[in-house]
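Engineer: Could you put the whole structure together from the sequences, leaning on the hints where they help?
Line by line, the protein sequences give chains A and B.
Each position in the first sequence, counted from 1, maps to that position plus 43 in our numbering.
Each position in the second sequence, counted from 1, maps to that position plus 79 in our numbering.
Derived by calculation from the structure, the hints in this document are not laboratory data.
As the structure is a computational prediction, the values presented were derived from the model and not from experiment.
Treat the hints loosely; a few may be bogus.
Under the rule of at most 20 Å between Cα atoms (straight-line distance), these lysine to aspartate or glutamate pairs were calculated in the EDC-like manner [what the hints assert, rightly or not]:
#1 K262(B) <-> D494(A)
#2 K111(B) <-> E815(A)
#3 K334(B) <-> E815(A)
#4 K262(B) <-> D427(A)
#5 K668(A) <-> E113(B)
#6 K262(B) <-> E738(A)
#7 K754(A) <-> E113(B)
#8 K301(B) <-> D733(A)
#9 K111(B) <-> D816(A)
#10 K262(B) <-> D733(A)
#11 K754(A) <-> E114(B)
#12 K111(B) <-> D749(A)
#13 K198(B) <-> D153(B)
#14 K817(A) <-> E113(B)
#15 K817(A) <-> E114(B)
#16 K683(A) <-> E114(B)
Partial selection, computed: residues in chain B whose CB lies under 10 Å from chain A [as the list claims (entries may be wrong)]:
#17 L108
#18 F117
#19 L146
#20 A148
#21 V149
#22 K151
#23 Q186
#24 I220
#25 A223
#26 F268
#27 Y315
#28 N317
#29 N324
#30 Y326
#31 G327
All C-beta atoms, glycine included, are put in the ideal place defined by N, C-alpha and C.
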Amino acid sequence: MTRILKYILLGLTLLFLEKVLSAQVYSISGYVTDAETRETLIGATLQLKENNRAAVTDKFGFFSLTGIKKGNYILIVNHLGYQTKELKIAIENKGIILKEINLIPAQVNLDEVSIVAVKTDKVADKSIETSHIELTPQMIRSIPTAGNDVFAAAKYLPGIDRTEPFSPLYTVRGGDPGENGVMLDGVMIYNPYHSSIGSGIFNTMIIKNVDLLVGGFGAEYGGRNSSFMYISSKDGNSNELHGEIEPSTFHSKLFLEFPAGKNASMMVAARYFYDLPFNFIFQSENYFYDYNVSYTNRLGDRHRITLKYFESKDLTGYNFNTFYKYVGNSINTNLYDDFILEQRNNWKNRSATAIHKFVLSPRIFIRNQLYYSHHRSNNYSGLDFTIKYTEKDHPGDTIPLRLFTSTLLNSEISDACVKSSITFKISNSNELHAGIEYNEYNFHNSIRMNDVNSGSFNRNPSLLAAFIEDKFTTKYFTIRPGIRITNYENQGWLYEPRVNASLSLPKGLKIKAAYGEYLQYIISMNTNEIEMSQIVDYYYPLWQLNPSKSVHYILGVEKKLTPSLIVSVDGYYKEMPVVYAFDMNNYFGFTNNLQKGIGDAYGIEVLVEGKHNKISGWLSYSFAKSSRQYPNSQINDGEKFSFDYNRPHTLKAVTNYQLTSNFSLSGSFTYLSGTKRSIETTTQNYFYYDPITNETMSFPLWTTNDKNSAKMPPLVNLDLAIKKKLLRGFGKQLADLIHADESYATITIRNLLFFYRNVEMYFPGTGIQGYEDKYIPIGSNYIPSVGASYTLKF
Amino acid sequence: MRNTFLFLVILLMLSACKEIGEFYLGIPLQPKFEENSFTPGLNIFGILNTDSTGSFNNSFIVIEKVLPAVGKIDSFNVDTVLVTIENNNSNSEQLFLLTNFDETFSQVNYRPVEYFAPKPGEIYSISCVHSDFPTLRATTIIPAKAVLETTSIIKQNNFLSFEIKPDTSIYMMDVYCYIDTLKPSPYRFAAETEQNTLIEIPVNGNKVDSVVVYSYDYNMAKYYLTSNTSLNFNKYRNSYSTVENGYGVFGSINKNCFKIK
Numbered sequence: 044m045t046r047i048l049k050y051i052l053l054g055l056t057l058l059f060l061e062k063v064l065s066a067q068v069y070s071i072s073g074y075v076t077d078a079e080t081r082e083t084l085i086g087a088t089l090q091l092k093e094n095n096r097a098a099v100t101d102k103f104g105f106f107s108l109t110g111i112k113k114g115n116y117i118l119i120v121n122h123l124g125y126q127t128k129e130l131k132i133a134i135e136n137k138g139i140i141l142k143e144i145n146l147i148p149a150q151v152n153l154d155e156v157s158i159v160a161v162k163t164d165k166v167a168d169k170s171i172e173t174s175h176i177e178l179t180p181q182m183i184r185s186i187p188t189a190g191n192d193v194f195a196a197a198k199y200l201p202g203i204d205r206t207e208p209f210s211p212l213y214t215v216r217g218g219d220p221g222e223n224g225v226m227l228d229g230v231m232i233y234n235p236y237h238s239s240i241g242s243g244i245f246n247t248m249i250i251k252n253v254d255l256l257v258g259g260f261g262a263e264y265g266g267r268n269s270s271f272m273y274i275s276s277k278d279g280n281s282n283e284l285h286g287e288i289e290p291s292t293f294h295s296k297l298f299l300e301f302p303a304g305k306n307a308s309m310m311v312a313a314r315y316f317y318d319l320p321f322n323f324i325f326q327s328e329n330y331f332y333d334y335n336v337s338y339t340n341r342l343g344d345r346h347r348i349t350l351k352y353f354e355s356k357d358l359t360g361y362n363f364n365t366f367y368k369y370v371g372n373s374i375n376t377n378l379y380d381d382f383i384l385e386q387r388n389n390w391k392n393r394s395a396t397a398i399h400k401f402v403l404s405p406r407i408f409i410r411n412q413l414y415y416s417h418h419r420s421n422n423y424s425g426l427d428f429t430i431k432y433t434e435k436d437h438p439g440d441t442i443p444l445r446l447f448t449s450t451l452l453n454s455e456i457s458d459a460c461v462k463s464s465i466t467f468k469i470s471n472s473n474e475l476h477a478g479i480e481y482n483e484y485n486f487h488n489s490i491r492m493n494d495v496n497s498g499s500f501n502r503n504p505s506l507l508a509a510f511i512e513d514k515f516t517t518k519y520f521t522i523r524p525g526i527r528i529t530n531y532e533n534q535g536w537l538y539e540p541r542v543n544a545s546l547s548l549p550k551g552l553k554i555k556a557a558y559g560e561y562l563q564y565i566i567s568m569n570t571n572e573i574e575m576s577q578i579v580d581y582y583y584p585l586w587q588l589n590p591s592k593s594v595h596y597i598l599g600v601e602k603k604l605t606p607s608l609i610v611s612v613d614g615y616y617k618e619m620p621v622v623y624a625f626d627m628n629n630y631f632g633f634t635n636n637l638q639k640g641i642g643d644a645y646g647i648e649v650l651v652e653g654k655h656n657k658i659s660g661w662l663s664y665s666f667a668k669s670s671r672q673y674p675n676s677q678i679n680d681g682e683k684f685s686f687d688y689n690r691p692h693t694l695k696a697v698t699n700y701q702l703t704s705n706f707s708l709s710g711s712f713t714y715l716s717g718t719k720r721s722i723e724t725t726t727q728n729y730f731y732y733d734p735i736t737n738e739t740m741s742f743p744l745w746t747t748n749d750k751n752s753a754k755m756p757p758l759v760n761l762d763l764a765i766k767k768k769l770l771r772g773f774g775k776q777l778a779d780l781i782h783a784d785e786s787y788a789t790i791t792i793r794n795l796l797f798f799y800r801n802v803e804m805y806f807p808g809t810g811i812q813g814y815e816d817k818y819i820p821i822g823s824n825y826i827p828s829v830g831a832s833y834t835l836k837f
Numbered sequence: 080m081r082n083t084f085l086f087l088v089i090l091l092m093l094s095a096c097k098e099i100g101e102f103y104l105g106i107p108l109q110p111k112f113e114e115n116s117f118t119p120g121l122n123i124f125g126i127l128n129t130d131s132t133g134s135f136n137n138s139f140i141v142i143e144k145v146l147p148a149v150g151k152i153d154s155f156n157v158d159t160v161l162v163t164i165e166n167n168n169s170n171s172e173q174l175f176l177l178t179n180f181d182e183t184f185s186q187v188n189y190r191p192v193e194y195f196a197p198k199p200g201e202i203y204s205i206s207c208v209h210s211d212f213p214t215l216r217a218t219t220i221i222p223a224k225a226v227l228e229t230t231s232i233i234k235q236n237n238f239l240s241f242e243i244k245p246d247t248s249i250y251m252m253d254v255y256c257y258i259d260t261l262k263p264s265p266y267r268f269a270a271e272t273e274q275n276t277l278i279e280i281p282v283n284g285n286k287v288d289s290v291v292v293y294s295y296d297y298n299m300a301k302y303y304l305t306s307n308t309s310l311n312f313n314k315y316r317n318s319y320s321t322v323e324n325g326y327g328v329f330g331s332i333n334k335n336c337f338k339i340k
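Structural biologist: This is the structure in structure tokens:
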């Protein structure tokens, strides 16, 4: 009750302060929306013609323009891809909360299409965030091999790299994969990946905008040390029914948005993927689905209520036993009769949220949210086979060959959260942003290795966090100091100071800097050493230990080369005074084997993005170094080593070439210098013992005592896609038949540089005639592939 | 523009072809080692067994060597090694020789040739001497017999559960349930050293006649419970070793049998 009274008092104080401050000047605020769908628009600019005062809509499509004296004004509203709108505003003796400002989509000349929007200074946060990258659905679709997936697309951006060859996990600026937070409309989603195709669980049809904060982010974001991906989803079209259907032999997609009563809208989207070849060859059932439902009600100009539900599920089960028996029969051997190779992955995500957005006054915007996010995964892989030699085949060799290995990892996370934030535009040059959130977690983890329980736990920690940041803006200089305070499991308050600053110089030059301290209480278990490929993060709540810590120092320079072309250079140093890892080579139990260490990462990223003539896209180069050390552990004998996923040099390019108004060619190119891996140096027989027969069996396994001591060759990829709007033929007729507005055919050519061996792993050549003294490289790009898809849009 | 683009693509494709004749397996693309840590040494699997009920004691030592991961084809076998087992309690030594006692045992290994009966709590050391390798040394403490908490047996339709009392010399147990005439399957458990270890075995409605529990020492438990044997490549995986100057394990085992009424 005391807490509620405090909130009321705070609200009244803010209102009073607002009244005092607005004694002479007034404010205008409101939402900017798409006139056709009434979807809020992020990054729209609003400017008063008379005095050039300007504002930009935030990630909720809301703006607040302050410091306006009494009088009549013309408000000019702009957004890329929309017609400019001018509104007459009369300010008398109070501020105004405008009704939605609806912008009409411009008639796009396809010759002018650009896959990137140069938005320096347009998005409010981008004016000061040093390492903020924006991904739009159009950018995601323009990458041929991204498969309309936000995570695959993100790996084409500087500073973001893949981890294991077939894993959807990603690393940002030398951080662990578990240090990346992914939020869907403010809801923390745990393991937002699908297993079958190594992609994300978010349907691009529902995505309005993706903001990637890869370092030096503000005090609003906490609990992850490396990066945040904030995904804003659509609310739905409140004017008329629209949608998109994409049937295919391997997947089906559906997207519908429609009005749901007066001032309300709904959005429903679903995807279902099925793996017919594996079903046929291995009799393994593999599928995944995801679906999103959203309902938004605009209760007048001040209130918006949004309800969203999201669910996804993956089931993969590869049982190779039948296949190997078939192979054995084909080559007339019984070696594979007792061969058991199985992999079963099963995981599910559910989240539900209620969001209330409230415009308390033209200067004060309040957002309240309640969410529940749940993740459960159960992943098993196992191999068991025995070969008993006969005296005839192997004279003198009586030790049977046996290999048995299995891992079963269970993880369940429940995250119930309530949070509230307030944005208070004190003046046109001063914006205060503050918030509070409380999370109640439930974790259950267990591991079985080689059929032995290796530990399990149930923990229910709680986290109370609050933040405040104040953005001061002058003509040339902007600074945003902030602080985040957290209390985990009632262990006391810890502080995370943050500051961002930017300085605008003549000739379109801008210098940005950031400093921030970040704490993470829920870490991820590094299981990649015991799993074939770690495809989910197993989250582990720290218990009576200092949180993992990271300190970011960032300096960036940005220059506009032309109105549509921008170049930026970011230098960063990331200090990691506290990091944790499980020693998986001595693993047994959870807390006993959690090793505390230190780390660092530094690098430079150069990004050129924008449009030149008919070519649009981006080109980036990154230099990066990252290391770890666990001094009091057996990990690399306590010595420093190169971080698992560190790639010193990366070159990435994504381009779209608009050949004609209906025909476009897009391409993506990546050069990733070789990462360091623990290539095996020793072959050692590992023994199994049967106490009943008192006999042994063994299997040769490859080992190394040096972590990441060998460098892999670089990876090079080039992919192309051709997209054509269908104007005749069956595709057009089908579109007409179901009254679709447009239909497209897309042909994707992957792996054009297949002559180059992209080595994913090395297999010792021992026993293979002619290659005994070499490592045999195993790659995934030995042949190019061509894919086709058909899209209906209505 | 279109021609320039096509030219660039073709140029990239050709420049990507490192060795036109070797593109299939890409053998030239070898990893670049900063340090190759291969250390030659003996690799042993030695187990001292309290079971001397037959004509011979069931203890044995398998001795091999480790090989470099790549290189000329070689065998894991090594020439004769001088294997000495010392009882640290009585300061007595015994040689183990390479034998299967005329097929008494199916496998030829280093075995005690004189009367040998290790007892729970005794400490034994091994030394393996070979001119080509460093002398391997290790020590084991013979574990106690597992003791059943008699009041803890619970028989359900699908599960049999019971508890084993804690013992500081027992770190791992293999449990075999004899169900009628069926060949028993092993169930492995890490042993608690400060409280009872709960054993739960699925029996699928079958009647269990007896249970055999093999108890292992610390070395065997470490070898089996902490070894990373996962089927993957180029991941950090240490050599398996609980011994000095070599590889492998030197441990001990004890056995107990309970009738389930």
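Engineer: Among all the numbered hints in the text so far, which are the ones the structure does not match?
Structural biologist: 3, 13, 24, 25 and 29
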